[in-house]
Amino acid sequence: MGTNRDKLHRKLGVKLIAIVGLTAIAIIGVYSYFSIRAQSTSLLAEVERHANQLSETVRKSTRYGMMLNQREYVHEIINDVGTDPAIEEVRVLNKEGKIIYSSNAENIGRMVDKKAESCFACHAADRPLQRLPVAERARIFQVGADFPRMLGIVTPIYNEPACWEAQCHAHPERQAVLGVLDITTSLALVDDEIQRSELQHGLFALIAVVAISIIIGFFVRRWVDAPVNALLAATEAVGTGNLSYRIEAGSEDEIGRLARSFNTMTQKLSEARLQLFQSDKMASLGRLAAGVAHELNNPLTGVLTYSSFLLNRAKQNPELHGDLEVIVRETTRSREIVKSLLDFARQSVPRMTRTNLNEIIERSVGVMDKQLTVRGIRVTRALDENLPLVKADANQMEQVFINLLVNAADAIGERGGVIAVRSKAITLQPYGVVPIKRAFCRKGHDLMANDVKIDGLPSIRVKARAEGREGYVALDPVFGGGRHHYDLDVKPETTASYFCPRCEVSLLDNESKCVRCSAPICVLNVPPHGMIQLCTRRGCSWQHWEAMEAAGGRQYVEVRVDDTGAGIAPEELDKIFEPFYTTKGQKGTGLGLAVIWGIIDNHDGTIKVESVVGKGTVFTIRLSADQEG
Amino acid sequence: MSDGADILVIDDERVVLDAVAKVCNAQGMTIDLAQDALQGVRKIEQQQYRLILCDIRMPDLDGFQVLERALQQNALVPVIMTTGYATIEHAVRSLVSGAVGYLPKPFTEEELLSSLHRGLRYGELSPGDRLPSFGSAVASVSPAGRRQFYMLGRVSWVHTEETGTGVVGVVDVFLRTMDGVAGIQLLPGEEEIVQGTPCARLTSGEGLMHEVFGPVSGRILEVNPRLEQEVALLREDPYGEGWLYRIVPRNLSYETTQLQRVPQEGPHEPRGTVAPKPPVRT
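Residue numbers (the numbering used here), protein chains in the order written: chain A, 1 to 629; chain B, 1 to 282.
No lab work stands behind these hints: they were computed from the structure. All clues stand as given, with none of them false.
With a Cα cut of at most 27 Å, we get these calculated DSSO-like pairs of lysine-lysine: (1) A:K437 to A:K391; (2) A:K315 to B:K22; (3) A:K339 to B:K22.
From the derived model, a few chain B residues whose C-beta atoms are all more than 12 Å from chain A: (4) T30; (5) L38; (6) Q46; (7) E124; (8) L186.
Residues from chain A shown here face chain B by an in silico Cβ test under 7 Å; the list is partial: (9) H294; (10) N298; (11) L300; (12) T301; (13) L304; (14) T305; (15) Y306; (16) S308; (17) F309; (18) N312; (19) R335.
Even glycine gets a Cβ: it sits at the ideal position worked out from N, Cα and C.
Given only the sequences and the hints, what does the whole structure look like? Please build it.
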């Protein structure tokens, strides 16, 4: 049980966390990748622009020196600029590729190959290009793995009139580019920046995933785990037979609704079980009581006849006479007790006529009225004037109401109080209630099977084929009931094709599908109430009965008897309908409510009790007000 | 158990047979005993008894089958049904099927004796007197039509009035089986009477108490005010002025189906036989 729960926990919680975590990693990863790329691109562009600007500045500040051919002056400027730690080297190359100025003195005079990477951009083609945009003049390179990346930018020094007009050494006029200024800056800072950013993104991703997991874990535990575990515990409790187990359903979400419907289900189950249990017990107790009464009456006849015989002949012996009187009196009392047992056992055959329960209520209240008034008990009546007639045994129903009134009065005791009797017509939906009594295939073969009964009613037998197997299915004859018996080895959720067991005609309705699960549906003729449609998927309880559903709910008469008495403790509520259960000590036989229960059960009705200790008790009786059944 | 015994007692319980024998012998009645139904039937077929006391629940045959055989043999033989399984259905069915009395177990000596006495007296009545003679009551009825009576055997009757109330009385045969009516004990108004259970007690001239079983159930509206003073009214006009109660019937439509209708369909025959066939209960 514990490990199951842990497993489930692992399954739900961890699965969710894993999925959300992976999604988060993927999203953050993609985002980081593009973000870092954009950042490094913009950083590099900035560095390029900066280098270009620097390069232009150097070119412009050395221009005058070059014009005047003041080489020392140019040298000074280049050296000064080159002292900046971020600048690796500043050099000027002439047309031939010779380094004529350099911040790195030892390089001066060295030749640079035109195929070298700094020259490649312009000199790749046979005829060198004269003008290039900044981005193409820049290059990024690395001398070795241990060295930082470098950005070099080449700025051409163009010929201008002042150059070829100068008297010094005068460049020829047709020469477009006189040489280049090449500045190399270190990218170490930029690279550091990018690396830090990558690290930050990674860290952020990690923190985000952990945080998301913790948050999800927390809420899964709170919204899924705890309620699911509560549900599991409840199903286990119900599984072991504890039908009074209730789940605390707090939330309004699906799990909360599931918990509530679970509670409703167990409550209905426990009511049904009680009803069934009672019915069973009553039947056997009835037989027992009848048997006991019969068996007891014969010996009692012997005792009573002999003792009364002797009594009549012992008049001259006062002592004997007195003793015999005791025997006769006590035997007569025994006779009354046995009679009440028989009365209890005798409820088997109600004498049904169409009856207005209001009249019976009035009569019962009339019988009790004086007695109740003396005890300071007021009876209020709220009777529905349009109450439909019900088929009932008037005597027995009167017995029921009088008994309920007596009980209510006893519960109120001497303090005085109110008994409220209410009657009303109510309508309950047919779904799950109305039995299907006749069913035929479209060729008119009777499908009812008396040998397989479901909940006491003959089932509807159809031939079923699924997954290449063939067998029979006994359909639950209660409209909306899903307790089909499968004589066919298929798993739940399997859809089967139904046929008439006699003529093999298909019972499927090809024109429509189950509105719940879209599985094929089967259609049966149920005269005189048209047709009934039901889903063929095992486990789907969808059914549709046009005639019944159109007719709407069925009419019932409900009578409530409310008292302001002492109430009944919850642990006693289950027992009050049991024979010989009494709270009245010597006063009662403990048969009253058992008799009521038996009577209502014989009328195919239901009786329900609700009670709050100190506040009072309500008995609710429901009888069918329909013409048939 | 000699030939020509007065009373045949059929019961599968030895102690009941012995007790009845004890009481009867003390009264000087001769009795014959049968400890099972088949033996009882055989005896009925072989001999004439003045009275038969028969249990209802027995192995082989039940008391109603014995009753049927006995009535086939002699339609007017007095039979008293007795049972330890005393129910309204048994009471009504016994009386409607033609038994003259119904005696639930356990009973006292007095109760047994009063039943036996009535049974024996019934056997002494002329065949005509063993049937109800309410002809004049039925004939003398309102212009609207004849009055419809429902009979619980030879014990009690009820007829309905236009207002929906019912009037309950005692059948003349019952009164004839008593040694005169010396006194009457009635239930007070507002009480309930129940079909097949005692609703009045008549004291005979010999001082025996005879219980009248109610024909239907209902709440008593009115008790015949004249009866207490003039008990003789009962015998003088059993179907008219001698009524017992006016009641609000509880379940008349059902309960009357269990009774005999008088008159039955068609013109009334004053001294016709009362249909012995009871409605069959399933």
